[in-house]
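Chemist: Letter by letter, the chains look like this.
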Amino acid sequence: MRKNISTLKLPHYKSTAGMAAVRMAVPKEVLLPVSPMNAHSATNAEPVVQAGDHVYVGQLIAKEKDRGSANLHASVSGTVKAIEPYTANGHRAVAIRIESDGKMEKDPGLKIPEPTNLDEFLACVQDSGVVGLGGAAYPVWAKLSAAQKNHIGTVLVNGAECEPFITSDHRVMLEHGDLIQKGIELLKKFLGSEEFIIGIEKNKPDAIEALTQRFKDDPAVKILPLSSVYPQGAKQVLLYNATGKVVEKGQRLASLGVIIINVSSLVKMAEYFVTGMPMVERIITVDGSAVKEPKNLIIPIGVTVRDVVEACGGLKEEPGKILFGGAMMGKTQESLDTAILKATNAVVIMNRKDAQKTEPSPCIHCGRCVAVCPLGLNPTAFSRAMELEDEDQRAALLQKEQVKVCMECGCCSYVCPSHRPLAQNNNAAMGFLRKWEKARKEGGK
Amino acid sequence: MEKPIMSAGPHIHSKDSSRRIMLDVIIALLPASAAAVVLYGLPALWMILTCVIASVVSEFLFNLIARRQQSVGDLSAVVTGLLLALNLSARVPLWQCALGSVFAIVLVKCVFGGIGHNFANPAITGRIFLLAAFTSTVAGGVWPGADAVSSATPLELIGTEGAELPTLLQMFLGQRGGAIGEGCILALLLGFAYLLIRKVISWQTPVIFVGTVFVCYLVASGSFTVALYEILAGGLVLGAVFMATDYTTTPITAEGRLLFALGCGLITFVIRRFCALPEGVSYSILCMNILAPWLEKWTRRKPLGGV
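From first to last, the protein sequence lines stand for chains F and V. The first sequence begins at 1 in this note's numbering and counts up by one. The second sequence begins at 1 in this note's numbering and counts up by one.
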């Protein structure tokens, strides 16, 4: 029998799991970035509205520019106040600022799409602006378009939600079972997939039970309870634990006949085919030691952290750290004025005490990072490599130790008794190697 | 309002620390230390204190003179001193204890860069240094209760015809000659259990090390009793639990550590059985320390999705 990848048991901090998602009050304004914020934001889009224009909820306000970006729609009705410079975390971007009229009027032009073949279906998904909501923000239509070249026999629906604090996918599974079913029907029809595996960690027994009931008459759908270990929801880990397959170097997941789609992305996609409303809102978890009343909120895309916090009773302490995402892979934000993007599944605000970092001490070679790495890498080797002066030697060692396989899950840093920033070093090492290889390539020409 | 902290993930951390690990090792060595004092009286206590103090002070002074960041707070020097003391026989004068500690800390650990950078186990190397320099006092052992009269250890006696050997129970409780901390197997096993519960070490290394010696003797002698006697004798259990499991000087991979333990067991058997030396645990661990980087290389796994 195949042994599952099972690495790190984490505290869950999922205190919001039992809280049904509630809709927050209509914000005064929203900020929707339309230039690349980072590698995983899918925000590179061309505005199609001007300052002063009136917009409805669901109206297209910016059109995607490339395969890595997505259409953007107004998430409130009101007036476009400005298309203005916007800075978040040092990224200088441009954002569309819409002042809400408080009415949340839907775009009367919205229609329920009725595709008849794969190409039309993909075009509809493209119109919807739905991106990967687990954090990667890769446009869903681009992911599904793999079906044009490969037969996608298996669809893995990712409901693992292994990150501490986050319960938004959990709520989606409990509250939108109908849309999960609709999404699966769509993929069955247009992708021709025969097998659907919904992977859910066992710390969500109610979701497992609800979906098992819902799909009990559908032999194509299998609900797979997974052990609650981190990073169960990571691509390679979920793929291996659910199917025993591995994406080897240079391979694409789709070439194995598999795609992995986050359960919230599937639901958002299905919603478009039911209501005709593109991606303008989502469920997020708001939690952390500085938040007064942690909640699951339905928010319009583009609200600021400040508005979201207000909807949760405000802060009880000064924020020590503001995270988009969970406690392991969440990205720190520098201010409460940062706007929430489509792929933001949680806002975690820690107090000063929880945000404090311990100073690193020398590596004692205990091997915990090696034992815990779900992919079998050796983080200490990357540290050793990065200490080498000679760049060619450094690159050679990093290549040999396969740093590019690293998915930055952070397990190594979490367990390190010397508190060394291993995951951060891995990231730096990957950045260095990419640059070095690029320079090498250009130099060789 | 102060600005929120910006940093890379993860944003939570396990409660473990290097210091806590060292503290756990010290706690795990307490039963053996107590047994040493019970068996050998106050002189054992003075030896332990001398080694610990000499280790800590020499690390402190080295850091001061070399202008390195002070590191005695990580408690690793205490572990080294304690282990060295437990590895010496009650005949060793205190000044030799101190000298061995200084050697272990300064020459084996500090000059290589301090904690995590030494290639060999400081306590073992310190013991081997003393053994070479002061063979008359360090080799052999004192029988508990005797007034520091030198006598042969069971391992020396085992080849001698007509010699009266301690019983297995006496061996288990430490009623035999040898280093002060190696005799009471019961105390060492208590420490082993504690380290397992605290997840400081895994069971594989000690069990494979001791198991290899046991199996080799079982095959070589054909006698279950002899094999059992051999694993209770000498510094085998002390070395297997506390020194072959040292993080820094063993391979970082789990598979590497298995090979490390196997190698230690084989070398110990070969030395004990075929060499002029009565005891081989220290040398076997030192040999394998040197091989550790290679074992680490040979046991590198193919990462998932890599080559």
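Hints in this document: simulated from the structure, not taken from any laboratory. Any given hint could turn out to be false.
Stated by the list, open to error - Selected chain V positions facing chain F (Cβ under 8 Å, derived; list incomplete):
no., residue
1, Ile21
2, Gly114
3, Gly116
4, Ala193
5, Arg198
To be verified - Derived contacts from chain F toward chain V, CB cut-off under 10 Å, selection only:
no., residue
6, Gln181
7, Lys182
8, Arg440
9, Gly443
Model, not experiment: these values are computed from the prediction. Ideal Cβ placement from N, Cα and C applies to all residues, glycine included.
Chemist: Next step is simple, just say for each hint if it's right about the structure.
Modeler: Here is what the structure says about each hint:
Interface hint status for Ile21 of chain V: upheld, as the beta-carbon distance to the closest one in chain F is roughly 6 Å, under 8 Å. Annotation: Gly114 of chain V was flagged as interfacial toward chain F, and the flag holds, the nearest CB pair being 6 Å apart, inside 8 Å. At about 4 Å, the closest approach between the beta carbon of Gly116 of chain V and any beta carbon in chain F falls short of 8 Å, and the interface hint on this residue holds. Contact between Ala193 of chain V and chain F, as hinted, is not supported at the beta carbon level, the nearest pair being about 20 Å apart and thus beyond 8 Å.
Look at Arg198 of chain V: its Cβ only gets to about 12 Å from chain F, farther than 8 Å, so that hint breaks. With a least beta-carbon distance of about 32 Å to chain V, the hint placing Gln181 of chain F at the interface is violated under the 10 Å criterion. With its C-beta approaching chain V no nearer than about 33 Å, Lys182 of chain F sits outside the 10 Å limit, and its interface hint is violated. Checking Arg440 of chain F against chain V by beta carbon gives a least distance of about 19 Å; that is not within 10 Å, so the hint is violated.
Taking 10 Å as the C-beta cut-off, the interface hint given for Gly443 of chain F is violated, the closest approach to chain V being about 24 Å.
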